[in-house]
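Enquirer: Use these hints to put chain L onto chain E, whose structure you have.
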Amino acid sequence: MPDPVSEKAPTKAPDHDRATRRLWPALALPGTLWLIALFVVPFYAVMSVAFSGQINIFNEPLPAWNPLNWEWSTFGTVLQDSFTPSGAYHEVWVRTAIYSFWALVICVTIGYPVAYYTARLAGKRRGLILALVLAPWWINYITRMLAWVNLLQDDGYVNKVLGLVGIPAHSWLSGSSFTVVWALAYGYLPYFIIPLFASLDRIDQRLLEASRDLGIGSVRTFLHVTLPLSRLGLITALVITALPMAGDYYTNTIVSGSPNTNMVGNQIELFLLEGPQKNIGASLVLVLSLVLMFFMFYYLILTQRASREATR
Amino acid sequence: MSFDPNDPALRRRRSRPQLARRDVLRGGVWLGVGLGAAPLLAACGNDSTGGTADGSTPYPLARPDKPVKLAIKDSNPPIDDGLDPEEGGTFNILNYAQYMAPAVMKNFGKKHNVSVEVTPYNNYDEMLAKIRQPGQSFDLVFPGPSVLSKMVYAELLQPLNHSYIPHLDNVWPEFQDPWYDQGAQYTLPYTIYGTGVLYRADVVTSVPEVGYDLLWDKTYSGKVYLLDDRQEAIGMSLLRDKITDDINTSNADDIKKATDSLIELINLVKVKTDVNAYSEVPEGTATVHQCWSGDAIAGQYYLPKGQTPEVLGYWRPSPTDYVIGSDVIGIPKSAKKPVLAHLMMNDLIDNKIGLQNFGWNGYQPPINKLSAGYLVDQGYIPKNLSNAVVVRGDFDKGHTFYEVSPSTEALWQDNWARFKAGA
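Protein chains in written order, with the numbering used here: chain E, 1 to 312; chain L, 313 to 735.
Here chain E stands alone, though its shape is the one from the complex (with noise of 0.2 Å):
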């Protein structure tokens, strides 16, 4: 006679593995819902204006929604002014890359030791070192930057400060790159500081450990143990900090207002707030998505490698 039990089982378990198999997708839906209502859409509109070859008579370019109709003319325009060392806009790509490249130096420099600190050093003090370094997310990062420009006057408190030990008063207000390079690491790091850290506090401590027990200095373990342990963290860290600084227009705008500071940003700005060629804007934020998914998907394949070698 068949066991009632075993009977029943076989009739069940398909039914059960339908209703997992769906759970499991539902639980993307909103995830999914929002990636398509915040950047999809948006993102299609933006091609629809840089590929648009029609205005109307407010001067704006009709949407081409059509793919059919797209117009490449402008945004190969805009490609060539951005990448040929005579094109229009070649300088604010240099600044930027040049602007952001040293903003991640100053970041990498000054965030990893923290990140470090905090991870593997800070004991009971690491959640007062996590607030400290969350603390200015508290305050609006404008507000931030127009406290800095009240700082940075002629007559404000740093160059007072510096004049206490002998140095001289300087405008760091009159379009310095200095000042907008310093303001970008001083805006993003914690952007930086905050991934590394769940970085290095991952790595397994015995395996520090080890390296010392085989008697290698707190020097070498660090360069061969924590650094490549830390280096998907590292990466991570840049690429977030490297995405809006960017695109950022703001900062320099606030900290400086000099067309020798502009970047990228500001030219964006220029073309999508004001004026008849909203498709120049669109294709330049077309161009600028195009550069950062490059590295986007660097970072990608950096971490699928990393992530196959872990489960080998």
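Everything labelled a hint here was simulated from the structure, so no lab data went into it.
The beta-carbon is built from N, C-alpha and C at its ideal position, and this holds for glycine as well.
Take the hints with a grain of salt, since some may be wrong.
[Claimed, not checked] Which chain L residues face chain E? A few, computed with CB under 10 Å, are given here: (1) L373; (2) Y436; (3) D437; (4) A441; (5) V583; (6) K584; (7) Q725.
[As the list claims (entries may be wrong)] If you anchor each label on the Cβ, the simulated ranges turn out as follows: (8) A409/L / I36/E: 27 to 37 Å; (9) A409/L / L162/E: 36 to 46 Å; (10) I167/E / K681/L: 52 to 62 Å; (11) P67/E / S475/L: 50 to 60 Å; (12) T32/E / P446/L: 22 to 32 Å; (13) E576/L / L162/E: 29 to 39 Å; (14) A409/L / Y298/E: 35 to 45 Å; (15) S475/L / L38/E: 49 to 59 Å.
Expert: Chain L alone, transformed into the frame defined by chain E:
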């Protein structure tokens, strides 16, 4: 209601097209979410009403020597005579931020039992985007002559009924029948202003004959500012370098030469751009700033404690080189309270209310009674800044920015982008 023109707390000024703090915040969001798509989406209307990219326009481009009488269509008539003012609810104004005195709005709301609300914009593009939003309704709007023809062509404004505007006689005769709207069929004048140079008189000891040369003076390096406005900056350079008298030129070579001259300023004096002359010169952040006359007048209220208006100076170009402009008031076709809108327009050109409004924002209305002498006597303007007052002859001899074709506008923007790129 009593109004003390010397009360700094009451002083505000007009927010001109600029990257103001509000824009910065908004812009940061746009770039952060959707890579700048939102302002584009705002512009993605369906106005496929005949725009062309070849320089021609389907509506007339008004000029003083080619005045335009804007068409009144049967589908868009003015309101009838003798209607009662609407009561209750909200009276919606679409205007620059801080361009109308709160006391004027408050008194109007109290008198007519409505709540007056302002929806702000920072430039005409933004204004046009907001007024065109489907389902959106505004009772009053403040455009300029440079966008008027297209607004009327697109039926965004309704014609006025002058029976509700008896104060029209208060304004200068040329604004009762302006070249951009003959017969004042759609608009009334709101403010007038010129563009000169505001400087610290206690630092600048000698002003050259052409005061614009102050902007090219290395002595003030790091403290020299241009208006962050392509027409004003390039137009100034056209006049200073005597490239052409036509500040609306579509000649690519002329515009390029003027822009090249501006580009010189980047290394010569580390020039910066913004529209905050009213506060930056008084506070000493700027020593020399290209400036609208209204901001020059308002500058006296931003001086640090202990300083007097004598530390400020305003260089006014010669009458034949003076760039002057005006803003107007119109009633959107979508207005739900058109009778009240007429009454508020009438109020704004009333001698007393116009003066009250001027005392708050620094921008003068072209009202006959508000002459330079009167404003100085009444304590609204210090004597050393009385040259910032626009006088009637300025409009006869000076230069004005007109509505231009899209291709000309694009040419100016390309050159402005070249300057802004720091090339």
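Enquirer: Determine for every hint whether it applies to the structure shown.
Expert: The hints, checked one at a time:
no.	hint	verdict
1	L373	12 Å, violated
2	Y436	8 Å, holds
3	D437	5 Å, holds
4	A441	8 Å, holds
5	V583	7 Å, holds
6	K584	4 Å, holds
7	Q725	4 Å, holds
8	A409/L / I36/E: 27 to 37 Å	34 Å, holds
9	A409/L / L162/E: 36 to 46 Å	37 Å, holds
10	I167/E / K681/L: 52 to 62 Å	57 Å, holds
11	P67/E / S475/L: 50 to 60 Å	54 Å, holds
12	T32/E / P446/L: 22 to 32 Å	29 Å, holds
13	E576/L / L162/E: 29 to 39 Å	32 Å, holds
14	A409/L / Y298/E: 35 to 45 Å	44 Å, holds
15	S475/L / L38/E: 49 to 59 Å	51 Å, holds
Taken one by one, the earlier hints fail for this structure only at number 1.
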